[in-house]
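Required output: the full structure, derived from the provided sequences and hints.
So the sequences go chain by chain: C and G. If you're matching positions, the first sequence starts at 1 in this note's numbering and goes up one per residue. If you're matching positions, the second sequence starts at 1 in this note's numbering and goes up one per residue.
Be aware that a few hints might be false.
As a list, the in silico DSSO-like pairs of lysine-lysine whose alpha-carbon atoms are at most 27 Å apart [as the list claims (entries may be wrong)]: (1) Lys-60(C) with Lys-73(G); (2) Lys-217(G) with Lys-202(G); (3) Lys-217(G) with Lys-73(G); (4) Lys-2(C) with Lys-60(C); (5) Lys-10(C) with Lys-109(G); (6) Lys-40(C) with Lys-109(G); (7) Lys-217(G) with Lys-60(C); (8) Lys-2(G) with Lys-34(G); (9) Lys-202(G) with Lys-135(G); (10) Lys-73(G) with Lys-2(G); (11) Lys-40(C) with Lys-10(C); (12) Lys-217(G) with Lys-2(G).
The set of hints was computed from the structure by calculation and includes no laboratory data. Since the structure is predicted, the reported quantities are computational estimates derived from the model, not experimental observations.
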Amino acid sequence: MKARVHVMLKNGVLDPQGEAVRHALGTLGFEGVNSVRQGKVIELELDETNRETAEAQVTKMCEDLLANTVIESYNVELLS
Amino acid sequence: MKAAVLVFPGSNCDRDLAVAFENAGFQVEMVWHKDTNLPTGVDVVGVPGGFSYGDYLRCGAIAAQSPIIAGLKSHVEAGGYAIGICNGFQVLTETGLLPGALIRNAGLKFICKPVDMTVEETSSAFNAGYSIGQKITFPVAHHDGNYIAQDDVLDRLEGEGRVAYRYVDDVNGSARRIAGILSENHRVLGLMPHPERSADEKLGGTDGAPLFQSLAKIGVAA
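What follows is the structure, given as C-alpha cells:
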C-alpha cells in the first residue's frame, strides 16, 4: 500500500519561505497572489495491505517523526 | 565534575563544547549517538551544535530519535543537567525536553555574527555567574533559530523565570526575542547562540566562560 503525507506549517505560524516565494512571484509579474504556504509531501510504500491499519501506522509515524505537531499539521492519504 | 558531549553524524561544535567544559574543570567524555546509555556519573550532558543528519526532515528531528536520546531522557528525568546549543537546542525541542520549536529565520538568511543578549535569570546553575540584565555577546550561526511557541507557553516561560536570554535586537524573528530557555526544573538549557565559541580570549570573547564555570560548581553547591 502507498501512502502520501502532507505536512504544512499550522495556520498562524509564519512561513517565511512561502512569503519569499510570494514576493518572487510578484517580481515575475504574477499578480493577485495573496498568500503562499510551503509544505512537504512524503510518500511511503508499506507492506501493510489493510487500509485502516496502514492509516493508523502512518498517523503514528506523523506524530512520532514526520511532523512536529508543535508547529505543523499533517494529512494522511492512502493511494492504493 | 563529569560532562558528556553527544556526537551525531554532522555535529560540528562537539569538540569546541568539550574544550569549554574541560577549561571549566570538567572531565569530558564524547558519547556516540548509537550508544544507549550515558557513561556512569555524568553530571551534565552537552548536545552540541552542527547539522545533525544534514538537517534532513527538520533540524534536529532525526537526532531526536537516536538511541542515546533514551539515555539523555532518563538523565534529565532523574534531575540531571543538560545544555543544548544551536542544533542541540533544536534537538532538545524535537525530543520534547524543552517546549516550542525553532523555525526558519524570519529574514530567511543564514545568520553568522556576534549578537548581544541580556541575561534574564540568574537562579539556574547556568547563569549563576552573571547578573540580571547583564549584556553578554555570543556568536550565532544558524538558519533556523526563530523560536516559536504558543502564547500560553511563552507566558508560562516568562512567568516561571524560564527565559534565560533575550536578544537585544531582533535577530531572527524569535518570539519575544527569546534566545534561550530553561526546562521546568531549570536544569535543562537550550539556546541558539554559542557560549562555547565565546569562552576563550583567543576566540575573541569570554562572555560564555562564566556559564561553564558556574555549571562546574553544581556538585559543590549541592
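Okay, the hints, checked on the actual structure:
| no. | hint | in the structure |
| --- | --- | --- |
| 1 | Lys-60(C) with Lys-73(G) | holds, 21 Å |
| 2 | Lys-217(G) with Lys-202(G) | holds, 24 Å |
| 3 | Lys-217(G) with Lys-73(G) | holds, 23 Å |
| 4 | Lys-2(C) with Lys-60(C) | holds, 16 Å |
| 5 | Lys-10(C) with Lys-109(G) | holds, 22 Å |
| 6 | Lys-40(C) with Lys-109(G) | holds, 20 Å |
| 7 | Lys-217(G) with Lys-60(C) | violated, 42 Å |
| 8 | Lys-2(G) with Lys-34(G) | holds, 20 Å |
| 9 | Lys-202(G) with Lys-135(G) | holds, 20 Å |
| 10 | Lys-73(G) with Lys-2(G) | holds, 17 Å |
| 11 | Lys-40(C) with Lys-10(C) | holds, 13 Å |
| 12 | Lys-217(G) with Lys-2(G) | holds, 11 Å |
Violated hints amount to a single one, hint 7; each of the other numbered hints is respected by the structure.
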